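Chains C and Y: place on chain H using the hints.
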Amino acid sequence: MAASDTTATTAGRAPNRGLRWLRRNLITIAGLCTLAYLVLPNLVVMVFSFNKPNGRFNYQWQRFSTDGWTDPCGVADLCGSLGLSLQIAVWATLGATVLGTMIAFALARYRFRARSGVNTLIFLPMAMPEVVMAASLATLFLNMGIAFGFWTILIAHIMFCLSFVVTAVKARVMSMDPRLEQAAQDLYASPAQTFLRVTLPIAAPGIAAGALLSFALSFDDFIITNFNAGSTVTFPMFVWGSAQRGTPVQINVIGTAMFLVAVLCVVVGQLAGKRPKRS
Amino acid sequence: MTHTATPQSSSGGDVRLHGISKTYGSFTAVHPLDLTVPAGSFFALLGASGCGKTTTLRMIAGLEDPTTGTVELSGQDVTDLPPYKRQVNTVFQNYALFPHLDIFENVAFGLRRRGIKSVKKQVEEMLDLVQLGPMARRKPQQLSGGQQQRVAVARALINHPQVLLLDEPLGALDLKLRRQMQLELKRIQTEVGITFVHVTHDQEEAMTMADTVAVMNGGRVEQLGAPADLYENPGTTFVANFLGTSNLIEAEVVEARGRQDGDLLLKAGDAKLRLPAERCSAAARTGGKVLAGVRPEKVSLAHADDAGSIADGRNRLPGRIKDASFIGVSTQYVIDAAGLGELAVYEQNIERDGRLVPGAEVVLHWSPGHTFGLDADQSLLAGTVDADAGADLDEEAA
Amino acid sequence: MSTTEAPAPPAEPEAEPLDIRKAPTRKRLVPYWLLLPGILWLLVFFAAPLVYQASTSIQTGSLEDGFKVTWHFATYLDAIAEYWPQFLRSVLYAGTATALCLLLGYPLAYLIAFKAGRWRNLVMILVIAPFFTSFLIRTLAWKTILADGGPVVGVLNSLHVLDVTSWLGLTEGQRVLATPLAVVCGLTYNFLPFMVLPLYTSLERIDPRLHEAAGDLYARPATTFRRVTFPLSMPGVVAGTLLTFIPAAGDYINAELLGSTDQKMIGNVIQSQFLRVLDYPTAAALSFILMAAILTMVTIYIRKSGTEDLV
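Residue numbers (this note's numbering), protein chains in the order written: chain H, 1 to 279; chain C, 280 to 677; chain Y, 678 to 988.
Only chain H is shown next, with the shape it has when bound in the complex (with noise of 0.2 Å):
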């Protein structure tokens, strides 16, 4: 049986090691290969943050400058529009959480009627292409005569960042053991504390996740934002009209400041999540 085989292996150790060595590698290779494509951009944003470019377009390397991080306001509007991004980030970030952690508790806690509709709600803006959402929402402002702008926006944006709060914190407060607040309230706690003390602190990193979500989502979202914003421009949208009429350096320099900043605060969080464990 198993005898066959056991005696062909001994033979082709010595030799080919280096193919050897290549075979046990090749996930290992090919996974880092991977790594490096979806890392290249990035540095590319970076490397070119300090180029000089001639003309209006920043594709090609020139010399070495630092005149986009000396002055990352200097183009018209550019500021302007970060802000506002970072403005309608946040409010929909909170928006979305609130209104998505209610969604997720009631139906992680709770069994009622329409259910399956409900969670069929949040699943369909996730499984639908980002276009068809936007343009039926404009349909919909456009026929109501409401004005697109800031508004508009920032309900769109909570619009769809509410289905990933939801699936967030559902999966969080689901795999929760429903005996921990049994426990909490034969040790005196009503349930509100019951709530305050234990559930929420539990569902605190689902929450967390949600919003991180939510918030890189919107500050992020093109497509969406496109067909809802009237004349009011947020930072995507900047970036796309400078593809059309040329890309200052300052856009490579606000890309890498946010692209260490979220390395840097990543980073932070592991360091200080592992510190409690050790004293």
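No lab work stands behind these hints, which were simulated from the structure alone.
Every value quoted in this text rests on a predicted model; they were computed, and no experiment measured them.
Check the hints yourself; a few may be wrong.
What the hints assert, rightly or not - Here are a few chain Y residues that face chain H, going by a calculated C-beta distance under 8 Å:
no., residue
1, T733
2, I735
3, T737
4, K792
5, I822
6, M911
7, V954
8, Y957
Virtual Cβ for every residue (Gly too), placed ideally from N, Cα, C.
Below, chains C and Y without anything else, positioned relative to chain H:
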């Protein structure tokens, strides 16, 4: 160190480990070890968690590369063979049944990988052997723990391995089911005649099932032998405490040789104890120290008033009952023996003496032949619960 | 369809929700109050617009005179007749990008789940971090990377890769930009994390002992992968392909920034019909066709992949 268990006749393969060791960075999981498991035997590796028993098993399976040494199966060096080329199968801890395959396909997995086309008959026979015939099309998660365990055994055994490795196979079962499966596994082993190597931390399980038990501690084999032999003649304090309970008494050797009966004469506190010289694993010199040990169930208890009626020639120690717990078949006493610490005594509940209550003055007595002697240079607590707790704290501090 | 709810990890077995029908009336209303604002938001700003869109698609009229519902279904036929190449292109590009994402993403997810060890967190950050830079900026960076006469094109050219791709109709002459290859490359890049994360989630749940058990039962590493690892990662594969394919099929940014007029996808058409031509009925009809096509394909795909009864 070389350990060899008594050979037996059979159809399985033998396992020989030569100087095998495993280190992870600066941590040594298994110290260089020579071990021979005879073909057809039921061999148990017994020890507390982290003693290196599972690492040893995984090196036999090929799931772990030894740092030094070689593994031989039926005389063939398999050290460099990957697991899928070794005629060894494993029953994993928590079974590792494939959740996406049904019971039939789980059991057929090994056969199919070796290119055997018609597996139906073999699988059905195997499922019948473990009494799971009707469950063939269920998924693993639809089965109870005991049933999953039997699938894991069937999945390994169907390949007719030379050696079957069992990694804490009963750890996830409740006590009653565990007892039942112990007998079941023993029956299957006798029936198929394959060499079983079983890893467990449960000393009762090891003693019930195995022909030969190797007690491991800190990456080394402390002692190896038949269960009864290990129990009656422990060679170290670790074995004495880990297998059952022992009373260990520090004593001074008064007379090392020259007595007609071949016994050593010891002095513990004010009492004189006798110890057969062949039951003393330590080198005993007159004036030196040894640890005199005796199992709690070998000791009898007499009320101090009846001290005169104890037969001559028995070892005696005076003491006072500190605590008594009634556990049905026996009563377990904790005795405060003057100057010698606390000793345990298990008395069968045949005729209970109403005077034996906490506070009563008593005399402990036992046959000198039940005494064993150990080297005094070891921790009295090795292998006890207290010692484990201490070790755990050390690990956390490090 | 719960398999598609990534990137958040799929829900654990349910913790016995309260059966509200047995509770007193005041408590019975709690879930409805919790649901009310959020669901209302979705009904008004997600569901109602779809209905509105449906009615728009069968309207006729002009901007000056206004649009009226005339049950003019011919808009759908006209839209298909005129824009079927863009539909086909969307499906082809999105399908290719999804396949590439799976091919590239699987080794990376496998690396993070089983091989990264203490580097796992770092690799994870590198996968997620690109999200924090605006995807438009990153997509524009591909213009630099794939620029004519740049190092990438140079290498591909000297290896004669471009000869092969232009023979296949993926590139034209000595350039990569403004060709199907550039658009697919951009789509693949943009949606790769959506493939990697669900794949990682489902791979990470696999008990490593199952790999050992397969090896112990005479399966070679390749067989172990085919018979154990891959089948157990199916929920991740399905979720990942859906999360990649759906947005890729509706995308118009990559085609706009990296392609030319010959690479326009259906998203570009909807966008220009709606925002430039202002032909709302056609834009609405195109949206509905796209939605229906995607829903049909997704349903068939989920049925075929048989993930409904997977663990």
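Report holds or violated for the interface hint on Y:K792, using the least CB-CB distance to chain H and a cut-off of 8 Å.
-> With a closest approach of 6 Å, the Y:K792 hint holds.
Restraint check, 8 Å cut-off on beta carbons, for Y:T733 near chain H = With a minimum Cβ separation of about 5 Å from chain H (threshold 8 Å), the hint on Y:T733 holds.
When the nearest CB of chain H is found for Y:Y957, is that gap smaller than 8 Å?
-> Hint holds; Y:Y957 Cβ to chain H Cβ min 6 Å, cut 8 Å.
Can Y:M911 be said to touch chain H, with a Cβ gap under 8 Å?
-> violated, 19 Å
Hey, does the Y:V954 contact hint survive, CB to chain H under 8 Å?
-> For Y:V954, the interface hint is violated, since the closest Cβ of chain H sits about 13 Å away, which is over 8 Å.
Holds or violated: Y:I735 as interface residue toward chain H, Cβ cutoff 8 Å?
-> violated, 13 Å
Tell me if Y:I822 is really an interface residue toward chain H, meaning its C-beta lies closer than 8 Å to one of theirs.
-> Because about 6 Å separates Y:I822 from the closest Cβ in chain H, which is inside the 8 Å limit, the hint holds.
Would you check whether Y:T737 satisfies its interface hint, that is, whether its CB is within less than 8 Å of any CB in chain H?
-> violated, 15 Å
The earlier numbered hints that this structure contradicts are 2, 3, 6 and 7.
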